[in-house]
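S.K.: Please take these sequences and the hints and turn them into a complete structure.
One-letter residues, chain by chain:
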Amino acid sequence: MLRQAIDRGARYVVQGQSSAVAAALIEAINRHNEREPARAVLFLNYAATDPALTEARCSFWHFRFDAHIGMRMEALTAHLARDASVRRVYLVVQDYSFGHEFARAARQLLAERRPDIQVVGEDRHPMGQVRDFAPYIAKIRAAQADAVLTGNWGNDLNLLVKAAREAGLQARFHTFYAGSPGAVPAMGEAAVGRVSDITDWHANAASPATLRAAARFRDRHGADYHFARAATLMRMLAAAAQRAGSAEPLRVAYALEGLRIDTDSGEAEMRRLDHQLLLPLLVAGLERSAANGGPREVRMEAERSGLGWRTLARLPAYVSAAPTACRMQRPPPPG
Amino acid sequence: MEFFLVQLLNGISYGLLLFMLSSGLTIVFSLMGVLNFAHASFYMLGAYFAYQVSTVLGFWAGLVVAPLLVGLVGMAVERYGLRQVHKHGHVAELLFTFGLAYLIEEAVHLIWGRSALEYRVPPELDGPIFQIMGSPYPMYRTFMMLVSVAMLVSIWLALTRTRIGLVIQAALSHPETVEALGHNVPRVFMLVFGGGAALAGLAGVIGGAAFVTDPGMAVSVGPIVFVIVVVGGMGSLAGAFVASLLIGCLQNFSISLDWSLAGLFSWFGWMVGPDTPLWSLWNVKLSQAAPVLPYLLMVLMLIFRPKGLMGTREG
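Heads up: the sequence lines are chains A and F, in that order. Per the working numbering: the first sequence = residues 11 to 345. Per the working numbering: the second sequence = residues -17 to 297.
No wet-lab data here; the hints were simulated from the structure. Computed from a prediction, not measured in an experiment: that's the story for all the values here. From the three backbone atoms N, C-alpha and C, an ideal C-beta is built for every residue, glycine too. Where hints are given, some of them may not hold.
[As the list claims (entries may be wrong)] Example chain A residues on the side facing chain F (calculated, C-beta under 8 Å, incomplete):
id: 1; residue: Asp105
id: 2; residue: Asp133
id: 3; residue: His135
id: 4; residue: Asp142
id: 5; residue: Pro145
id: 6; residue: Tyr146
id: 7; residue: Ala152
id: 8; residue: Asn165
id: 9; residue: Asn168
id: 10; residue: Glu176
id: 11; residue: Gly178
id: 12; residue: Ala181
id: 13; residue: Ala196
[Claimed, not checked] Short, incomplete list of chain A residues facing chain F, as computed with Cβ under 8 Å:
id: 14; residue: Arg134
id: 15; residue: Gln139
id: 16; residue: Lys149
id: 17; residue: Leu169
id: 18; residue: Ala177
[To be verified] Cβ pair distances, simulated, as ranges:
id: 19; chain 1: A; residue 1: Gly138; chain 2: F; residue 2: Phe(-14); range: 24 to 32 Å
id: 20; chain 1: F; residue 1: Ala74; chain 2: A; residue 2: Gln139; range: 28 to 36 Å
id: 21; chain 1: F; residue 1: Asp257; chain 2: A; residue 2: Gln139; range: 25 to 33 Å
id: 22; chain 1: A; residue 1: Gln14; chain 2: F; residue 2: Pro168; range: 51 to 59 Å
id: 23; chain 1: F; residue 1: Met(-17); chain 2: A; residue 2: Pro136; range: 27 to 35 Å
id: 24; chain 1: A; residue 1: Glu307; chain 2: F; residue 2: Ile114; range: 35 to 43 Å
id: 25; chain 1: F; residue 1: Pro205; chain 2: A; residue 2: His110; range: 19 to 27 Å
M.R.: Shown next as structure tokens:
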């Protein structure tokens, strides 16, 4: 498919599905660019979040516009570190590479930032298999945890949150994926005041211009606008092309390096070292929308669910800027 | 103690839901000899029908109407599908129900889409019903248990104390005689199959609201239902009941236990650490392995007692 696109003259690839796909794309594009530097291709990634893509596998030809897992965990633990009421933390993850990485990073960063916080339990459960989370919730309650960190997504997140409400568990759930499409309506009322999400953007933290774009998007596609960072990507691409005075991928890539841009959540910068966007992150909590009796600032609902996100904390880009071990090979700069 | 009681209740209620799921399968198998691979699909249909009905008439109407609709679908499947395939033997029946499961799943995709529906517990059943030493226990789970027990009692009464139950049992062992006495045996089979589907549908109504209603729900419960039927003994209703409770409790309690082989070794004074060969195996906690345990139980059961806990027929 990549071959076909390149043969047809495509010089930019924009992709954001799985990290495995992104890794394969990076390999293929590296090889292509080495063979045909005159027709080099640039890969702009807006969602694949495996840290390795800007570390061990980092490439000059790949730019990432989303915060990777390590950065989100930096942000989450920095937020928890400020909350003195959190003393006992419980980890619930899906039993596969991402879940394991989530738990490892959580333990390490919590130990660095707040050694007094105790990790009172960790559960790894098979992905997408568990229907009944009640026994896990009973365990969390018995461990007297006051915060739950979970990397779960999809049904594993929805069912976990629903079970917590059924059992009247008071602990707050800190997630990475409660903001993804479909999650809020599926969790519903059970998530109010119970679920927080680490995100780069949500509709109630949007600028008027983005809100207008979101309204147009909804009119055209009938769905919520989720990927503000896709717009950030396009704006940065345009700015870089302008700065380079060319649409040539090599020149644009050099122009992207170090480029700064204002997003709805604050200033972001493309790090030269590993081509990772350093972007401000938000801790958002789910509340009833203003129209549904919630706080006034929750004007926009998520997917007509009667619930919406409210910013609990803003974390400027430096908070989540994780160090990198990337050593990329750089092609000679254009003359 | 509080933790133990809560986990026990969780285990029993989950087990009772599993029983609702597997009872239809085991009845159909014991009376008709048909192993219905599409059984879990009827469970899914129950949830979707109930959702559809509940959007217009509310949850309670869905609770009654949806299982009946699923029963009708089941009867139609028996009358126009299974009966035609029956003369080609058991393998053909098996393949037929296997294909049917895929068909139903695709139909659900086409009609309701791929994402989860907002099918919820009704407000009357939402909230805690009592406290176990400070932990609230949800009303809906209690409701789930009541429905399941009511179902067990009424199936048992229907099969042993009513005329139609008598005919069904007779038709199983002596179909020709029953036919000669003027009963319509094919119709009895159709009713039995429809009844089995309706039971799965009822489980779907309850389970869909408690957990999630999405096109993946059939696939996710399919295997465990077969485990229960095998462990309980093919075709034994009482066996399925005991096996359901056993597996529900087994899963709940093993999730609670963070034991690992590494812990066991250190108890004997052997030091096992990340450098030991096969560390990733020794370090697996029981809670992590919990979802696999029912399958392990099934394999052990097949090796040591192939007819199951209360099964009567071999193989």
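S.K.: Taking the earlier hints as the rules, which of them does this structure contradict?
M.R.: 12
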